[in-house]
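Asks: Chains as they are written, first to last, in our numbering: chain A, 1 to 164; chain B, 1 to 258.
Bear in mind the hints are in silico, worked out from the structure with no lab data behind them.
Idealized CB from N, CA, C, for every residue including glycine.
Among the hints, a few may not be true.
Stated by the list, open to error - So the derived label-pair ranges between C-beta atoms look like this:
id, chain 1, residue 1, chain 2, residue 2, range
1, A, R69, B, E245, 33 to 39 angstroms
2, B, E149, A, A74, 35 to 41 angstroms
3, B, G233, A, R150, 57 to 63 angstroms
4, A, A112, B, Y253, 46 to 52 angstroms
5, A, E135, B, A127, 38 to 44 angstroms
Claimed, not checked - If you want the footprint, here are the derived chain A segments under chain B, 3+ residues with CB under 8 angstroms:
id, stretch
6, 8 to 18
7, 56 to 62
8, 135 to 142
Residue strings, one per chain:
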Amino acid sequence: MVSTPQPTLRDRAWSAAAAVPDPELPMLTIAELGILRGVELVDRFVEVTITPTYSGCPAMAAIALDIERALHEAGIENTRIRLVLAPAWTTDWLTDEARAKLARNGIAPPGARGSNCLFDNTPVPCPRCESNATERIAEFGATACKSIWRCTACREPFDHFKCH
Amino acid sequence: MATTSIAVVDDRLFAAVLARADDALILGHRLSEWCGHAPMLEEDLALANIALDLIGQARLLYEYAATIENAGHTEDDYAYRRDPHQFRNILLVEQPNGDFAHTIIRQYLYSAFAHAFWQAMTSSADAALAAIAAKSVPESAYHLRHAAEWTIRLGDGTEESHRRAQDALDALFPYTGEMFAIPETETDLIVGGILADPATIRPAWTASLDRILAEAGLAKPQSTWMQSGGRRGRHSEHLGHLLAEMQILPRSYPGAIW
């Protein structure tokens with residue numbers, strides 16, 4: 001065969017799936033978060049592979065439904081969602097653009113990519129005034145992926161997307 | 001759809017996976033009992049978040065158990081349609097919440113073990129278990145830090161908080177032996193590199209306890225007598241009450257969805 005429509009379908013499916021926003025962090029897409037791991041054509045199905053952020057992330061079912069709806073709206077039928085655990089999701093997969101978006105939305109992004117930021121006590125700058133004079137109020141916040149902080153310079157409380 | 005209990009196969013790997021799933025589910029359920037009742041809003045969120053992680057880990061393990069068993073059972077069947085004697089969790093995790101100190105000390109004793117256990121399990125010869133372990137390591141690291149910080153705060157706090165933390169430690173310490181005991185059915189799995197050898201986990205657990213309890217000003221109980229029975233399905237009466245509450249809805253309304 002000289003050409004097939006498959007690459008086009010796969011690319012269209014990727015674009016549709018990649019644009020799905022995260023239900024709990026709607027300023028980010030599932031592609032930017034690293035939840036979307038792949039889109040392949042398997043046995044006449046468009047197979048979308050996703051991975052959970054946390055084991056108990058309650059958003060996974062909603063994300064799977066949102067992907068199916070997005071593909072349907074893009075005119076793509078015969079879809080299936082595959083959940084994989086390995087390699088385990090890490091905040092290292094957040095793109096730089098995703099980190100910038102978090103900060104613009106008042107959420108301090110996780111530590112630098114590739115760093116061993118879990119418990120290394122590097123300062124978490126305030127997403128509003130960029131001061132390093134911040135302190136952790138609570139390890140666990142409104143969602144599994146966030147902790148609660150406050151800035152002692154501008155006195156604003158803020159969420160921090162935890163290193164993982 | 002039957003309301004009756006299910007029977008499960010007798011298989012060593014299946015039983016070992018089910019036991020770890022039961023640990024996570026029962027402790028996760030216990031912590032969820034604090035939802036709306038914790039001493040402060042931040043702790044309400046924290047305990048609910050940790051419960052969510054543990055129930056998530058339990059679901060992954062039950063799903064894997066279902067593929068091993070290959071009997072058409074689902075994660076819900078294991079959680080909702082087994083009787084107390086079919087659960088294989090260690091007795092520590094079914095102990096009642098008690099006061100906040102009991103909950104925190106129970107959580108610390110378990111988390112210090114679980115973090116070391118999952119770290120060791122990332123190199124399991126079983127790829128599915130290694131993948132679940134890799135998910136669980138960072139989660140259990142946060143659980144451990146949370147519980148350790150509270151253990152120090154309570155132990156090194158007021159006279160009242162110290163007394164309650166020490167009481168909790170004295171009461172719960174005899175339940176820690178089960179974490180390191182090796183059921184006869186698991187020796188082959190350890191030799192085969194599928195399950196981590198508890199003997200290799202104990203040093204990390206002991207080191208954590210020595211450091212945190214010293215900082216908390218709490219005395220490590222010297223008693224060497226340990227409770228046992230959970231891994232054989234012999235439970236305290238508390239598990240029956242817990243399951244009655246956890247299972248009543250799916251058993252009363254079989255197949256109900258929402």
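Asks: With reference to the structure, classify each hint as holding or not holding.
Replies: Okay, the hints, checked on the actual structure:
1. For the pair R69(A) and E245(B), the beta carbons lie near 36 angstroms from each other, so the given range of 33 to 39 angstroms is met.
2. Restraint check, E149(B) to A74(A): a C-beta distance of roughly 48 angstroms breaks the suggested window 35 to 41 angstroms.
3. A hinted range of 57 to 63 angstroms for the beta carbons of G233(B) and R150(A) is inconsistent with their spacing of about 48 angstroms.
4. Separated by about 50 angstroms at the C-beta atoms, A112(A) and Y253(B) satisfy the suggested range of 46 to 52 angstroms.
5. Against the hinted window of 38 to 44 angstroms, the Cβ-Cβ separation of E135(A) and A127(B) comes to about 41 angstroms, which satisfies the hint.
6. Taking a C-beta to C-beta cut-off of 8 angstroms, the stretch 8 to 18 of chain A contributes 0 residues in contact with chain B, too few for the three needed, and the coverage statement is violated.
7. Given as covered by chain B, the stretch 56 to 62 of chain A passes the check, having 3 residues with a CB less than 8 angstroms from a CB of that chain where 3 are the minimum.
8. With 6 residues carrying a beta carbon less than 8 angstroms from a beta carbon of chain B, the stretch 135 to 142 of chain A meets the three-residue requirement, and the given coverage holds.
Hint violations for this structure: numbers 2, 3, 6, all remaining hints satisfied.
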